[in-house]
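Asks: Starting from two chains that each stand alone, build the complex the way the hints lay out.
These protein sequences, in sequence, are chains A and B. For the first sequence, the residue numbers in my numbering are 1 to 690. For the second sequence, the residue numbers in my numbering are 1 to 322.
It should be emphasised that the hints constitute simulated quantities derived from the structure, not laboratory data. Heads up, some of the hints might be wrong.
Unchecked claim - In silico EDC-like cross-links for lysine to aspartate or glutamate, where the CA-CA straight-line distance does not exceed 16 Å: (1) A:Lys306 / B:Asp160; (2) A:Lys145 / B:Asp160; (3) A:Lys596 / A:Glu562; (4) B:Lys56 / A:Asp663.
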Amino acid sequence: MKMRWLIVFFPVVSVVLISLLVKEDAANATAPQGAAAASVATSPKKSLSAKNPEEVTIPDTTLAINSSTPMSQRIVHYEIDAHYDATRHIIDGNEVLTYHNLTGQPLDHFPFHLYQNAFQPKATWVREAKLIGSRDTTYDKWEEKEYGSEDIKRIEVVGQGDLTSKLHYIQPDDGNKDDKTVVDLPLLKPIAPGAYVQFKIAFHEQMPETQARSGWKRDFVLGGQWFPKVGVWWHGAWNCHQYHAMTEFFADFGVYDVKLTVPQFEVVGASGVKVSEVNNSDQTKTLAYHGDDIHDFAWTASPRYKVKDDSVFQGQMGPVRMIILMQPAHWSQLERHEKILRESLDHFERWYGPYPYKTITLVDTEPGSAAEGMEYPTFITGGTSWFMPGGLYLPEVVVEHEFGHQYWYGMVATNEFEDAWMDEGINSYSEVKVLDSILGPNTSFINLAGITLGEREEQRLSYIGVADDDPIAQNAYGYYSGNSYAGITYGKTASVLLTLEGIIGQDTMDRAMRTYFMKYRFTHPTKEDFLKTVEDVSGKDLRWYFNQAIYGSPVLDYEVAELNSSPVNWYEEKKSGEKKNDKDTVYQSTVWLRRKGDFLMPVELQINFDNGEKVREHWDGQSRWTKFSYQKKAKVESAEIDPDHKILIDRNDFNNSQTAEPDGRPARKVSNYWLFLTQWVAQFVAWWAV
Amino acid sequence: MTENRGLLSGGWAMVTHNKRYIFWFWLLNMTLAEFGTAAFRNQAHAVLDQSLYSDKLVHGFNLSVLIEMVARPEFGPTKAPTMAAVYFITLFFITTALFLPGVFQGYAANYRLPRDEFFRACGRNLWRFIRLLIVADIVLGIVCGILFGIEGALVKKAGDSTNELLSFEVHMITLAIIFLAMTVTRIWFDLAEVDLVLSDQNAVRRSIATGFRSAFSALGRLLASYVLITVVAAVVLIGGLWAWMHMVPASSVWGAFWVGQLTLLLLLIPRFWQRGVAVAYYQQRMLVPAVRPEPIIPEPVPAAVVSSPSPIPNIPAAPQES
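So that you can see chain B by itself, here it is in the shape it has in the complex (with noise of 0.2 Å):
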């Protein structure tokens, strides 16, 4: 527990010292979606903006009004604001991976790293990270199509008993083994793209495999730190929609809107401090070894030709096992 405290409070520590990266990385999400609902927007303004009936969706919540205004031609085919949605979905996933090598710099310097160190981290690894990518999201989707065609499988033959909870409860419990083997799954491609970047590694299967190792030699810590994270996550959500919900009164648009943003944002800051977790984990645990150098014995020399001896370098010692 210490340990996963250890753990915790590290990468807590560096979201807190680097802040910014969730409020641009909010932001950059925030423009896009604008972007993405645009579609969307521009038809509810054209059937919803000199109409009365629409008085309904403002004072309270009329389902209906919305049904008929998504049901009207003149508000057009829903694939439009569906699609451009999807596409800034996409945006925001790359940039994502375009940007998240600088976080993991920032996250393992003991200084504010400067925005050209950090452009650097994300230009030096943007195809080294892509290529990461394609492997995790692969092992992803195969660990992820075969659970839930498992799961699917199970909640079937349990839909035909006559107990009615028990397919619920089947598909929550795998649900649950689904999420723990993602999880699992996701430390081990963060520490795979924390090595890549910070030890600078060119093979990338090099990385998978160091990721892979270090993951399972300490699953239970990791483990326990991103569920205990992620249930994070759940409570900032669900507060989140409670508080638009029952704080927000029906009318107040921006009130609905700032409310929905921050929620938003402090939902990023669970991913970053998992983040972080990998971060401070690499750097506990994964760092190899600095071997010290052997000290150069001077040999004896023409005193005429001696200056003065090579300073050491100063290499930081490793951490010590716990």
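Bound-form chain A, shown alone (with noise of 0.2 Å):
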């Protein structure tokens, strides 16, 4: 009888303990998420535990977005259960990464990025650093401190068990073989089309003082690219290059989950929604973070941050908390952090479209270190000192820069490897356009004391001393030096895209970048992308434009080369006592323009004559001169090329126009100034020497 009970008890017990736990995991899969994201919180040992591969899947929650539904299309899932060890300025994590597999064919290897290898004395960055300079360090000599490491001491592939042991660095971009930054990881068997895979990676991370925006600095830590990155299968091949000295990211969206342990004295402030935070036993806490629809995760702390975080910006899908960390001495800018912040939001939901995610959190990072100016997703980094005249708006234009990276490579997540102008350049287009019409179109930059630089005077001023060292469209890490890097990408792009407006108009080119953002966001967009959008929306063939522009390196450099007047009679001598009214006198007047660049362009001329007359021409640009000729009862005053000013990339404003009669004001009015220094500098040698 017992026999009998027990042969039906053991198997009852068994088909109902099986039945609730698949029932759990099933829930799990595909729970809603804000539950699957309180699980993370709550339950941080089931949240790295993997799965069966045919068990796993991406989350598609919506915690930290103003959507019902996902708005990418989610390749990855990033759980990470990371300690950070303040004092040693040491990672040691678990992250557990489920792969999607969209790209339509078997995957038998995943490569992945191991960035903070970079900042080592023989890696890519620091050599390309040493030759090219970056915007960090010299490396003038090799300090300790400086040094980085990331090793993924272990890596198991779900279903597919320990391939630690397989792992290898590979160099697609230059063969340099002491670079460490990608290791690549064949697996054992092929991943299929739509399927999942889960990989279980144990990493140990050195971090170095503040380089490229990663690193800690005195007791301060950004916490930025510090995890082993799956790279990107693009075009039908894993895109996956090493770090450079001049190239950033590039990432597929998805769904991160990441767990700090920090010293509890620190205040931290990171991408995504704060889950929770948890003090325990030992002096350190557990926070957790959820972020949807981003491709990268960045997080900082430091024990002295003062927190604005209870402002709130009305966005078109919903509200945006912006959190605001601060250093204690710079407490005092909080308001014009907090007031750009919040008119860059308006501006680019009303110029390119909505903010999805629930928070921007802006990070004011140590004084000193490199880490100013970063952007990663729902989190930028800004760039002040504790002295910041008003009219000085550095810290508006990195906040409002870094922002703008929300748009044009957060949501619009362009290969900066290979197309960095298409996020830096596209950003500092966005940026002049912001800025201007915040801060007024020539004080966007520098308002102080008389003194005044608009954004787009300094965009194009960092273009036209590189103007003929690169194109536009090329690989980052391609460039002939930092500055040409720089000028190039950064300003000449800018400058490109101000240029394009005044050929397309500005209401064409406004519903062309929305266009663009709103058709490519949450994408990886190529250049030829972007360059149709333009064409389509302006309803032009504008090849001729960016194959000069963008594709190649032509300079654009037209001159008004001469101006001449003289009177139609001039054989006709005065007769003795005759007295000629000028206001009679009909003059031949010409005026020769020439093309001293290689990039071809039609151009509107001004000629003002000194009746007051203005007269428009137009030329072609093709040939390398043109004149025009008139006979008129007034002599040519001035001509001038682009009279409205809408060509940015002309590399020589001086030689656009030209007066008959000059006028020296301008040249003694600087000689001016270089007077009184040079007076003022040698009454004080006089006053201390002698």
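Replies: This is how it looks when you write it as structure tokens:
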């Protein structure tokens, strides 16, 4: 009897238990996502526990966005549990990466970025930085604190076992065998199209003193590019470049569930939304963050941040919480930061499209760190100092620029390795437009003590010095120099697009930009996607312009070469005593124009006569020179190419115009400054030395 | 304070009685600077004169136009105008040293020093002054070198602090200390210069020693006077720049020129005032008290030989110690 009961009891109980387990897994796999995020916060073991390949999926959470459905095609789901040792600047972490193979073909190997390995003396990043410069350090001498490393201690492919021994570094760009910024993992079995694969990774990381907007400085840390990150399958191949001195990043959209354990005294900010904060018994605390439809995750910690997190911007898709972490000495500038962030949000939403995320975190990083001015999804760093006069708009420029990257990089996620101009350049164009709108066209960079500088002028200045160095369309790591990368990628692109605005009209350009954003947000568009969008919206064939401005490096320089006015009857001698009325004299006036560069572009010309008459001419700009002649009872006073100042890519603005009579005032004025300075220095030296 | 006022007012009186020196030094500086900036001016005229784009420099001050001007190949290398300015600054320094003995002589005289005496003092003291300046600049160089070295190390150390302002505060404090140390050194050598000229001292080392002793025997008074005058100079400079920025229309090229020159002219006054203080102090404290010679007791001589006793020279009494 007993035996009979046991035979019945055990199978029944087993069936019930198995059913419950299966149900729970299924619930986890498909749960709407506040619940999934909450489970991350409350059940860390479960969140990092790998599942059978057949059971995994990418969560369709919407906890961090103002949308009820996912906004991107989610390829990856990162679940990271990381501990930061603030004394030694070390991160030890466990990462579960779920990858959805939407490539349409089986994948038999996966490359991973290990960005922090860039900061080693023989790495490509440091080699290039020493050779062509970087914005952070000159590497005059190597210091141990600049060392960074990122090691995968163990990697397991769920269903295929521990494949750590299969890992091998690759150098797809330059073959530098000492570069360890990309590691490749061949699989035992390929991942079928449409299938998921899960990687369990244990990693160890030594952060450097801040370089390339990542690392520590004093007791501050910025965790950027800090975890093993899979490459992007793009155009039929893996796109996983080495980390170069001039490159940024490229990654797939997905979901991030990140737990950070840091000392309890740290104030932390991060991408996404915070879902929990728990104090641990060992004087640490664990913070959990969740991000939807983002392609990277960054965080920062410092014991001294002052935080303002109660400001809300009412966006088109819902409220956006503005979290601002300021240095104590910069607290008085909080209002400036908040104002420009709010106005940037407003302008971008009105001009390009909605900002869908629930948060934007602005971090005023440690002074003197190389962490200023950086963008990560929903997380940006500003740039200011304790002394910042009101008319010097550096904080505004940096904050606006980095916020702009939420659109041009964050949502329109172009390949920053290969098309840096599509994030930095298009963003610089937006920066000019937005800052001109907020701070005034000629004063959007400096408006201090009578000295002015506009953002568009600043962009153009950075370009004209390197105008013939490189074309815009090329790999970010292929530029002639650091200056060339900056001048072309940022300055030239902005100037080219501002000039394009003059060609197709501001309204059309505005529509093209909005169309481009709305069409390609949450995707990885190519340069042709952008250029074709502009052509489609404008209805114009603009290849003549794009081929020169984007794909080529010819320089544009049109010149008013000469002006001349002489009486038609010059040969008639005045009789003695005869007084001729100048107003009756007919003059033969000629204006010569020259094309000094190889960039061909139609230009407008305005000729001003001394009787107040203005004449507009059009020149197709194809030949090397042309001339315009007139017979009028007036002399030419001046002539100006591009009188409406629509062309921003002309290398020399001085020769765009010429006056018949010289005006010495500008030169005298600047000479006065030089004279004053010289005299003052002379008196200063004499004060102390004699 | 009363004594300070005495020094300050004594120095100020010398400046006001000899205003022409300041004018000539200003004129000299401006003339030399005009030569020094000629290269810059010509280069600027070449780029700016016939372009409408330059107008942004007249009606306002557009930094972009200035930067683009300097970047233009036709403007030429920036080293040329810079070096020209450096040469003429050096020339002003040398000429200041050349004419300064005359200024001291003029300040010490209780009459308007004739031109020939002025230049005679300059010529007579030229070689002495050169030697003294070499010593002074070596001492100043050493003092500055050491102090700026310490300052750099302290600021760097403060830069490691998590208090962002600490490095700036250390910088300011150390700069203030350096300023005081340099001012003390300047007082020392100003007194040495005065002694050199007014006591017609050929042995420069003696004047240096005298200057050193005198400077440190009343350092508080002298330092307070010098610092106060330097504050006046700072106020003049800030006030001048303020007036330039706020009271002169951007398009008024000549207005800016004259405001600038007036500021520089006024800025010369404080340094001459300090030199006046040095001369006043010298006259009060450093003149070696002349010993009244013993009266010559006439010996009885044959009445036929004696005419009248020699008059006793009228030597001024040494000033009372206060």
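Asks: Now tell me, hint by hint, if it's right for this structure.
Replies: Evaluated hints:
Between Lys306 (chain A) and Asp160 (chain B) the CA atoms are separated by roughly 20 Å; this puts the pair beyond 16 Å, and the hint is violated. Proposed proximity of Lys145 (chain A) and Asp160 (chain B) is supported: the alpha carbons are some 14 Å apart, at most 16 Å. For the proposed pair Lys596 (chain A) and Glu562 (chain A), the alpha carbon gap of about 14 Å is at most 16 Å, so the pair holds. For the hint pairing Lys56 (chain B) with Asp663 (chain A), the CA-to-CA distance comes to about 13 Å; that is within 16 Å, so the pair holds.
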